[in-house]
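Colleague: The residues making up each chain are set out below.
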Amino acid sequence: MSPLAVNPPAPASTDPSVIRNFCIIAHIDHGKSTLADRMLQATGVVTPRQMKAQYLDRMDIERERGITIKSQAVRMPWNVDGTDYALNMIDTPGHVDFTYEVSRSLAACEATILLVDAAQGIEAQTLANLYLALENDLTIIPVLNKIDLPAAQPEKYAAELANLIGVEPEDVLKVSGKTGEGVEELLDRIVRDVPAPQGKKDAPSRAMIFDSVYDTYRGVVTYVRVVDGTLVPRERIQMMSTGATHELLEIGVISPEPIPSKGLSVGEVGYLITGVKDVRQSRVGDTVTNQQKPAEDSLGGYEDPKPMVFSGLFPVEGSDYPVLRDALEKLQLNDAALVYEPETSTALGFGFRCGFLGLLHLEITRDRLEREFNLDLISTAPSVSYNVTLEDHSEVEVTNPSEFPEGRILEIREPMVSATILVPSEFIGAVMELSQSKRGEMKGMDYLSEDRVELRYRLPLAEIVFDFFDQLKSKTRGYASLDWKADGEQAADLVKVDILLQGEQVDAFSAITHKDKAYSYGVLMTGKLQKLIPRQQYEVPIQAAIGSRIIARENIRAIRKDVLSKCYGGDISRKRKLLEKQKEGKKRMKMVGRVEVPQEAFVAALSSDEDNGKDKKK
Amino acid sequence: MPAQPEGDPAPEDGALPAGAVARASERTLSLYVHVPFCAVRCGYCDFNTYTMEQLGDGVSRDDYHRDAAAEVRFARSVLDAAGAPPRALHSVFFGGGTPTLLPARELANMLGQARQSFGLAPDAEVTVEANPDSVTAETFDVLAEAGVTRVSFGMQSAVPHVLRVLERTHTPANVPRAVGWATERGLGTSVDLIYGTPGESVADWRTSLEAALEMDSDHVSAYSLIIEDGTKLAAQMRRGEVPRVDPDDQAEKYTLADAMLREAGFEWYEVSNWSRDAHGRSALENRSAHNLAYWRNQDWWGIGPGAHSHSDGVRWWNLKHPLPYTNKVRQGVSPAAGRETLDAQTRYVEDVMLGIRIRDGLETARLQPEGRKAVAGLIADGWLDGAAAVRGTAVLTDAGRLMADAVTRRLLDW
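Residue numbers (this note's numbering), protein chains in the order written: chain H, 1 to 618; chain S, 619 to 1032.
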């Protein structure tokens, strides 16, 4: 019997009983994309010749970083015991910044493959997503990947997984995305174990948006899971959160390229195109219905994306400002979570204050701006959003140190996160020490297995966005994994530290920090700048200050000699050209008061990479 | 060797535009004669000079004085053709290289050609650069007889380990002896010093200064060592074999030199040059008239391979290597490799850049508006002399001399 489908079910007329919707939960490098590739091959959706490694990851950055940012859904035919099934594999983002998007992808499925590296065991982010899957009542199919690795310990981690989700170790499937071993068994298992979708065929249509992507040629492509009713081409649809209506220009399935269909019916997963140009008009989590015969209730679960981390982005070349503006506009078409507004810095010129879901989102956005739009950018130190209560009890939201109020302050509240850290037990001490130094409050600790521990902390988000993860990795020799989610806010003793060059405040270097950290921030920044700013014609004091109180100081000594000692007949043209070159060099300088600061000094001072001696970015 | 500047091609007949000689009667004309030969090549030197081995076939040191004399005659014919009035030479300078590698008689011949072609002004200064090792008492007899008035000795340092880094081969004791010979014959003398050589301590530098002062010369030049691309020293530094030059160390040594020279009766008249009353001549008379002509942007004709010339805003420079140079001169055509004609603004830039270096300073009235505006700030920073500025001249203070390039940029608003 060939497992390949004989007569694949057609979209819009597929009986829900032969539909299987599932996703894959996995840690970043546990091999999800490779396994997905194997399934596409095994089901004949992609021929070996078409096969590109990690077919589903479309963007270069995703392929480079091995991270799937945008999820997609692929329909694959598969035959078991003579029946042709339609398997919809919904790809989910694997990173904590995209938790909301993950939750919507999970809501589109009946089951998830819990994919774990057989040499590494489960990681914190995977655990977090597993919780989400269980909350969505998904069937869990535990799978160990990379069993071909010499370091694989399938027995050990099968026991860990089984223990975690309450199954027998024998129920844990063992596959290799690399060799393809076990992939057909997995497909059979999906057909057998994943429940068929339930829905009312004749009810007003309702479909949940679990992703939307901007395509240069087609406009926004929206990925939906139909829950009730049927969506057909040319009908007018309505977005239930906004009431906006659009004509349904095209609807279809991805297999693995878009294939238009006569519609999508109960339980089916596919895409639709309405001609809108901006993903914010087609928001993840929203419910699509028919305008003439609208459903009464939305599917629920829709949330507006909320930026957590803020940073100023400035072009190195001031003249690139319009390019940056257009680039952000274009990126926003494809990224509903990206927010920005113009910002002016005395030190860095014109730029934008941008809000991101998290640090990775920031880095990816920055990378894309630099790569796709050929921009050179300076980004200011990431900040979070603080709520400040002034003496007159008025409230101010501060996402930028420059907005920090001058007057007397009753209270400052900062956003908190609850963090889950998984580590081998030998590192418990190191993690506790680090978390404590980052103002973390321990909430609990559990042994997952004999030598693996889950630690739970409540921490200020500001500490996480700075360098917590880097330090966690280095203190645990790379073994720790981290997951976090927003967890309210908390009052804290925070101050704004300013950096002054020859008495002039450099806004780009101001930071809001905990009172106890202000001194070390001041020492760090003044020290960095002392090394980065070349000597000037006069002595330049670099100071760190809280209000008018100086907390740290360095000096840049004045240049003592700036003269070419020999200047005779044959030297004159050469020397004049040297002066002209120095004049050109000055154009690359930003003036802070009378101090000439090279552009590169800003870049270097604002990158945190230097502290830990490694380059986080590729 | 420094690359020659980029410029426009020079015409084969060397013809000068009328503008280059229009004001010739108000401008002095000097002659520089380059002698592109050295016995050995020093590790720091990027001048256009050649040892016998480097010279190659087809050029001979013996013929050089005749080829140079040919270019002197050519110079006169070009200036005449352009319509310049005849001008007796304000100064003549034999530089190198090592002029004293040539027999003194040949130097005298070249000077004779200059006198024949142009004539020497009554008080004309005629300087010869000399290597203390390649001269005898008789050398100075011949030079004085020929009309040379001044000898400039390349001493560099009195400290053996410093001389070794510089790869100077002369014996330190030969310098005072040679200075003595020249002084006895009524010649003005200058000693050249270099400070900031890798490995030179402040005490070493003090030793060199003391040695120079003992020689009873009437002029001292002191240059900070500049590491020029393409020199052996630059390569050694790149490979980390010798330490880098430290500008703070050079600043300290400059300040020390200025203090010690002042103590000995010298006064500065250019950033790197000092003179004093000595041997019956005033400090003013003991300045180098030839070098002052450069800093005052006067006219001069440079004879020899790689030599630069200037005529009222037109600068040109000769082919660098002696062989093609010699071929051109023997064909009676211009040996120039390129030239540039400066526009008014560029000439202003050069006037500021050069004028600020000398003690006579720049007339503030000649500064453009942004330059005049910058003066007050430069006085406040302690780099321009406030009293002199009030009297209408921008003159560097002692501290300002070390910052002359920064002052130039600020006067130009660069």
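Hints may be right or wrong, so weigh each one.
Stated by the list, open to error - Estimated spans, in silico, between C-beta atoms of each pair:
{"id": "1", "chain 1": "S", "residue 1": "Ala633", "chain 2": "H", "residue 2": "Gly593", "range": "49 to 55 angstroms"}
{"id": "2", "chain 1": "S", "residue 1": "Val951", "chain 2": "H", "residue 2": "Glu600", "range": "35 to 41 angstroms"}
{"id": "3", "chain 1": "S", "residue 1": "Asp847", "chain 2": "H", "residue 2": "Gly593", "range": "58 to 64 angstroms"}
Claimed, not checked - In the DSBU-like style, the derived pairs of lysine-lysine whose C-alpha atoms are separated by at most 30 angstroms in a straight line are:
{"id": "4", "chain 1": "S", "residue 1": "Lys938", "chain 2": "H", "residue 2": "Lys577"}
{"id": "5", "chain 1": "H", "residue 1": "Lys475", "chain 2": "S", "residue 2": "Lys938"}
{"id": "6", "chain 1": "S", "residue 1": "Lys991", "chain 2": "H", "residue 2": "Lys201"}
{"id": "7", "chain 1": "H", "residue 1": "Lys262", "chain 2": "S", "residue 2": "Lys991"}
These are calculated hints, taken from the structure and not from any lab test. Each residue gets a CB set at the ideal place from its N, CA and C atoms; glycine is no exception.
Colleague: Could you say whether the range 58 to 64 angstroms given as a hint is met by the Cβ separation of aspartate 847(S) and glycine 593(H)?
Modeller: violated (35 angstroms)
Colleague: Are the Cα atoms of lysine 262(H) and lysine 991(S) separated by 30 angstroms or less?
Modeller: Judged against 30 angstroms, a Cα distance of about 79 angstroms means the pair is violated.
Colleague: Is it true that the CA of lysine 938(S) sits at most 30 angstroms from the CA of lysine 577(H)?
Modeller: Roughly 20 angstroms separates the two Cα atoms, so the pair holds.
Colleague: Need the status of pair lysine 991(S), lysine 201(H): alpha-carbon distance at most 30 angstroms?
Modeller: violated (85 angstroms)
Colleague: Between valine 951(S) and glutamate 600(H), does the C-beta distance stay in 35 to 41 angstroms?
Modeller: Taking Cβ atoms as reference, valine 951(S) and glutamate 600(H) lie about 50 angstroms apart, which means the hint is violated.
Colleague: For the pair supplied as a hint, lysine 475(H) and lysine 938(S), is the alpha-carbon distance within the 30 angstroms limit?
Modeller: violated (63 angstroms)
Colleague: The hint says 49 to 55 angstroms between alanine 633(S) and glycine 593(H); measuring C-beta to C-beta, is that right?
Modeller: holds (53 angstroms)
Hint check: violations occur at hints 2, 3, 5, 6, 7; the rest are consistent with the structure.
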